[in-house]
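J.: Construct all of the structure, not just a fragment, from the sequences and the given hints.
Each chain, written out:
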Amino acid sequence: MVMAGQEFDEFFRACFDPVARALMLAGAERELAYDATQEALVRALRRWRQVRELSRPDGWVYVVAMNYVRDRWRRQARLRRHDPDRAGGWASVDPSGAIATRLCVRDAIATLPPRQRQAVVLRYVADLPLFDVAAAMGCSVGTVKSTLHAALRALRVEIDDEEDADADG
Amino acid sequence: MRTDELRRELGVVWAEIAPFTGDVRTVRRRVARRRAVTASVVVLLLVTTVVGVITALGGGHRRVEVATTHKQLGPSQEMRHVSGWVVPTDSSANTFASVQQTLETSSVVEQYEVFPPGTAAQMLAITYLAMGRPAPPSAKTVATCSALHTRLVAVQLRSSPDAATRLRDSLANDAKLYTNPNDWDMEVVMKVGASLAQTRAIQAALAADHDLTSYRFVDHQAAYDTFKKDFADQPALVESTKPSDLPESFRLQLAPAASHATVEHRYQVLPGVDTVSGPPGGTLGGAFFSFSLAQQACGTNDRGSKP
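Line by line, the protein sequences give chains A and B. Here the first sequence is numbered in my numbering, starting from 1 and rising by one per residue. Here the second sequence is numbered in my numbering, starting from 1 and rising by one per residue.
Fair warning: there could be bad hints in the mix.
Some chain B residues close to chain A (C-beta under 10 Å, calculated; not the full set) [what the hints assert, rightly or not]:
hint, residue
1, L10
2, G11
3, G22
Label-pair restraints from in silico Cβ distances [stated by the list, open to error]:
hint, chain 1, residue 1, chain 2, residue 2, range
4, B, V43, A, R46, 49 to 59 Å
5, B, P117, A, R78, 48 to 58 Å
6, A, G142, B, L45, 41 to 51 Å
7, B, E104, A, G138, 51 to 61 Å
8, B, T55, A, A14, 18 to 28 Å
9, A, R49, B, T26, 39 to 49 Å
10, A, R156, B, T38, 48 to 58 Å
11, B, V47, A, D71, 26 to 36 Å
12, A, A150, B, L45, 42 to 52 Å
13, A, R156, B, A39, 27 to 37 Å
14, A, D71, B, D90, 24 to 34 Å
15, A, A150, B, A39, 13 to 23 Å
It is worth saying that the hints were derived from the structure and are not from the lab. Quantities reported herein were computed from a predicted structural model and do not represent experimental measurements. Ideal placement from N, C-alpha and C gives every residue a C-beta, glycine not left out.
T.: This is the structure we're talking about:
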């Protein structure tokens with residue numbers, strides 16, 4: 001038990017900061033990113049024996065935290081429906097394609113639709129394999145590829161990765 | 001921009017975000033709390049289930065298994081002939097299971113039918129109303145009759161002279177068996193003004209009826225004698241009544257296999273007949289049961305408590 005305790009402590013220290021920052025990159029506010037990461041780690045500890053056996057335990061935490069954020073957003077969206085001042089916010093999409101003029105990638109990311117943003121963060125920030133990204137987003141690997149493809153196109157990123165090239169086909 | 005550049009850019013942006021410091025102790029506390037909640041819910045469910053099972057089995061320690069009930073009538077069936085009523089001595093599930101076990105295994109029980117608690121109280125009230133007794137049982141009397149709150153079982157016994165005695169022995173202290181104290185099962189009551197010819201016709205029909213083992217004629221005078229006995233405490237009523245005011249009747253003893261309903265229907269339609277009734281009064285019993293119950297179970301005669 002002591003060993004397991006230490007093991008989780010180490011995992012917690014290694015995991016908390018990257019996951020929380022990634023959530024912020026995906027558009028979550030700081031407080032929500034913190035809460036989501038903490039909740040995901042609570043759940044991880046509750047089933048630590050299963051989680052530690054995974055090839056990417058941190059991937060599991062990314063997935064759970066991302067889902068938590070998404071649930072929160074949905075709830076907020078419902079509340080916001082009657083409050084036009086707060087409408088838009090993170091979910092705003094920039095259809096004008098003016099991304100190139102932006103210097104900050106973070107802003108560019110923020111203009112992506114939520115699904116695309118999540119896919120980009122899980123794939124390129126958390127560095128999860130496509131399969132795990134698919135599991136996190138509850139869709140097939142093919143859908144992840146096409147989502148990433150669309151995101152990269154919006155970000156004016158050349159599609160050169162072999163895995164992303166698959167999405168063209 | 002290429003994907004590796006994107007990765008790099010994202011890394012830069014990522015690094016610009018102020019670092020987070022999580023508190024592992026908070027996480028451990030929350031996990032402990034959730035485990036406690038889960039454990040208490042599980043314990044609660046477990047306790048509820050165990051208590052439920054114990055209650056359902058009636059205490060468990062005196063568990064009596066009645067695997068199949070072959071003799072118990074379903075809700076749609078009707079007992080042809082009620083030989084008596086079995087009243088458990090208390091309302092516990094244990095006692096009832098034991099009674100049911102006895103009924104299932106007893107060689108003298110043909111069929112039985114179970115009535116829910118409260119049936120006895122209803123029957124008692126109906127009987128008092130039907131008999132025109134001056135004072136129905138007081139609420140207090142009914143409430144103190146523990147027997148009224150138990151389930152009731154109507155039984156049909158096999159035709160054997162000592163069937164009732166044998167069933168009483170098998171039931172022992174678990175239940176009382178009330179049987180018909182009269183030597184007749186049904187009564188065909190004539191109209192007060194029925195003609196002699198009508199009465200003779202009924203008598204002829206009864207003599208030829210294979211569903212009866214015997215019948216007895218109660219004339220005006222015999223009815224009047226009974227009436228005098230029943231209302232001895234009301235001399236004014238007895239004074240003002242003549243024997244010819246009381247109907248004549250036939251008291252019938254039914255063959256064991258005969259159906260009360262069939263016999264009742266057969267004579268009800270004949271001219272000159274007022275009512276066909278019997279102590280068991282169909283399936284729901286009648287006077288012999290209610291009165292003996294009121295007197296024996298409560299240890300009192302309700303007429304005694306009349307103001």
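J.: Determine for every hint whether it applies to the structure shown.
T.: Results for each hint:
1. L10: 5 Å, holds
2. G11: 8 Å, holds
3. G22: At about 3 Å, which falls below the 10 Å cut-off, the nearest Cβ of chain A leaves the hint on G22 of chain B intact, so it holds.
4. B:V43 <-> A:R46: 49 to 59 Å: 18 Å, violated
5. B:P117 <-> A:R78: 48 to 58 Å: 52 Å, holds
6. A:G142 <-> B:L45: 41 to 51 Å: 43 Å Cβ-Cβ, so the 41 to 51 Å window holds.
7. B:E104 <-> A:G138: 51 to 61 Å: Because 58 Å falls inside the window, the suggested range holds.
8. B:T55 <-> A:A14: 18 to 28 Å: Violated, at about 53 Å.
9. A:R49 <-> B:T26: 39 to 49 Å: 21 Å, violated
10. A:R156 <-> B:T38: 48 to 58 Å: At 50 Å between Cβs, range holds.
11. B:V47 <-> A:D71: 26 to 36 Å: Check passed, 33 Å falls within 26 to 36 Å.
12. A:A150 <-> B:L45: 42 to 52 Å: 48 Å, holds
13. A:R156 <-> B:A39: 27 to 37 Å: At 54 Å between Cβs, range violated.
14. A:D71 <-> B:D90: 24 to 34 Å: 56 Å Cβ-Cβ, so the 24 to 34 Å window is violated.
15. A:A150 <-> B:A39: 13 to 23 Å: 47 Å, violated
Consistency with the previously given hints fails for numbers 4, 8, 9, 13, 14 and 15, ordered from lowest to highest.
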